[in-house]
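Going down the list, the sequences are from chains A and B. Per numbering that gives the first Met the number 0, the first sequence starts with residue 0, numbered consecutively. Per numbering that gives the first Met the number 0, the second sequence starts with residue 0, numbered consecutively.
These aren't lab readings, by the way, just hints derived from the structure by calculation. Given the structure is predicted, the values throughout are model-derived calculations rather than measurements. Check each hint, because a few of them may be wrong.
Identical chains blur together in the list; that is why a pair holds if it fits in one copy or across any two.
Said to hold, decoys possible - Straight-line C-alpha distance at most 25 Å; calculated DSS-like pairs for lysine-lysine:
1. Lys182 to Lys326
2. Lys207 to Lys163
3. Lys120 to Lys4
4. Lys46 to Lys287
5. Lys70 to Lys342
6. Lys292 to Lys70
7. Lys208 to Lys355
8. Lys120 to Lys292
9. Lys296 to Lys48
10. Lys182 to Lys360
11. Lys7 to Lys204
12. Lys120 to Lys70
Protein chains: 2
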Amino acid sequence: MADEKPRKRNLKLIEELGTSIYKEVEKGESPYLDVPIRNLSNVKYDKEKRMITLGSNMSKRFFLNVGHVRKFVQTIGVAAKSRELIRSGLHTGLRDIFYQIKHTIPGTNIELVSVQEETNKAIEDLELITDLTREELHINANKNGSIAGEVIIEDRGDTIDWSKLGSGGWSIPSNTEDITFKKVDAKFVIYLEKADIFERLNEDKVWKKLNCVILASQGQSTRGIRRLLQRLNSEHGLPVYVLTDGDIWGIYIYSTLKFGSITLAHASDKLALPEAKFLGIRVDDIEKYGLKKHLIKFKDVDVARLQQVKNYEWFKNSKEWTEELDKMEKLGAKVELNALSSKGLSFISNTYLPEKLKEAKFLD
Amino acid sequence: MADEKPRKRNLKLIEELGTSIYKEVEKGESPYLDVPIRNLSNVKYDKEKRMITLGSNMSKRFFLNVGHVRKFVQTIGVAAKSRELIRSGLHTGLRDIFYQIKHTIPGTNIELVSVQEETNKAIEDLELITDLTREELHINANKNGSIAGEVIIEDRGDTIDWSKLGSGGWSIPSNTEDITFKKVDAKFVIYLEKADIFERLNEDKVWKKLNCVILASQGQSTRGIRRLLQRLNSEHGLPVYVLTDGDIWGIYIYSTLKFGSITLAHASDKLALPEAKFLGIRVDDIEKYGLKKHLIKFKDVDVARLQQVKNYEWFKNSKEWTEELDKMEKLGAKVELNALSSKGLSFISNTYLPEKLKEAKFLD
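Only chain A is shown next, with the shape it has when bound in the complex (with noise of 0.2 Å):
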């Protein structure tokens, strides 16, 4: 069983706004809740942190306002369902917890809510309100991604040794809140965003090679696997190296994973990864590692998204990736990692990720 203190925590702070609007009720007010507001004015890059945060902007949002009261109404019943959840011990997804909400208001015909998009504005809310994430409520987003090297967890009883798992890995559940590490040798954690290559350095070993995790998403990063680098990198001193094709969309995958994002901006504290470099394939890999025939030209979409990465305050107030970016511009043409296997199925294993992490030139 995962360490009861945190849970009994989160429990506290959810029942504790309960009891503030009880308390509100019985003196005769208006009840109303505090939210700190998502909009991008109230968005800003943090410096210091090195990410995406939300200012201090709040709104108060009031039961006896008729503007206000469904919102209000959907977040105390989020409230409701989460304290329940964190009792019983259960967990329950995004689709569900729609369900679990939906139903009509006795008396009337008024749903408490008639789609999920209502139900998620309303989870995000209450992350905000209680300073908790989706996953100390107990609501779990999307499951994604393997993961395979030298490191044991225990995890619902069961202890799981990731260099134990074959040609699978372990599959990473939506939420890595309650994951105990037993035993972490590795020394860093490779991210990787497609699961071929995830396939191709677990058939190398490369984690009993290299000693070190290595982890893919299938697509988006999930929060689950977010939240998963992130312990590893501050609960175990461990790395993040970020390894993705020579393309614009790669940079763009680590902007997130490193920075956060605006739509996440409430999170970046649990979800962000300032410490993550980036170890994708760079303008000058093409030339050193004989890419060049495999180069494919950009279009439209990939130009558009090079400007607007560009125009990102991080990377523009960095002179390094200001001059790869230039350089990728100049190039006009992207190379994936698969590339790497025209030069030996495993020269991605036995070459390029050795010298890369030997040479440790890593753009931050």
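Following the hints, put chain B in place on chain A, whose structure we already have.
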């Protein structure tokens, strides 16, 4: 290590192909390949086997034919690479093999392959010519999905107990050919189309209570998952129940898993699951489980897909399926598995599944 026998047999098949071509060249003849035709005219539903299969129409592909030579050489290129992979015991992905084969033919400007579509097709042709699956050729498709339950396997020297993997489960590899089943205590398999339902059932340890295996894909089911299901079914006699939403997309997923698909008609013997049973929400369940208020009205795409699926030979000739699909059409609405959570978070685990399995009235 997996059994060496099939590997040797597969290697022999590839080498015989090479030897026969070599002999034709030595005799001064134009070597050729016999390739089964893969267009719609040669695909049919086999009533005996209850699966979509490829007919016996063949075409000859000659080396000394301007229209054939490119494809001929590409197929031989893939065969040579596959031989190398089988011999070395390594595996590769579809994107990687494209890069491994892509090169300019010496003394010319001609690239052996220019786009991945060409190697993909060559691989499919090679599957047909040799009667080996892509996985047996050591070429893997995508990796996806999680599994948990009362089974112990051996894979790449690791012993993996699917019942001791916490909240995550085992991450299913793209290639499940070489897994050895050491201990199968489970009595059946529940296949899920949604990862969030997997997490619900896994948290409830349904696989322990019902003595089964639960398996979820995330999106489209991979070949690795389909082979794994087929192996559990054919080698260990485990029935496979397909648990989907009550909508035409769920039935479509069931149909593809069970009867195969037109694009993979040549691999039905290795991928289809004629004994799979439908465990998804049926129209009558809506009344029975009080889900009426959670109906979601059909959109045009739902109606169109319903018409299409109704016309599938295997459904059209089944009285039960026709009745079910007619009822669904009349209802004009769908209902999600997640809606069951309006009855309680674990209603699906504690009531729906045990009841449906006890009733044992499965659509077939």
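Do the hints match the structure? See the list:
1. Lys182 to Lys326: For Lys182 and Lys326, neither the intra-copy (42 Å) nor the inter-copy (56 Å) Cα distance is at most 25 Å.
2. Lys207 to Lys163: Cα proximity of Lys207 and Lys163: in one copy and across copies (11 Å, 23 Å).
3. Lys120 to Lys4: Classified as neither; 28 Å inside a copy, 57 Å across copies.
4. Lys46 to Lys287: neither (34 Å within a copy, 58 Å between copies)
5. Lys70 to Lys342: Between copies only: 24 Å across, 57 Å inside.
6. Lys292 to Lys70: For Lys292 and Lys70, only the inter-copy Cα distance (22 Å) is at most 25 Å; the intra-copy one is 56 Å.
7. Lys208 to Lys355: within (15 Å within a copy, 49 Å between copies)
8. Lys120 to Lys292: between (48 Å within a copy, 22 Å between copies)
9. Lys296 to Lys48: neither (36 Å within a copy, 48 Å between copies)
10. Lys182 to Lys360: Neither, since 29 Å and 48 Å both go past 25 Å.
11. Lys7 to Lys204: Classified as between; 24 Å across copies, 40 Å inside a copy.
12. Lys120 to Lys70: Result: close within a single copy only, 9 Å intra versus 54 Å inter.
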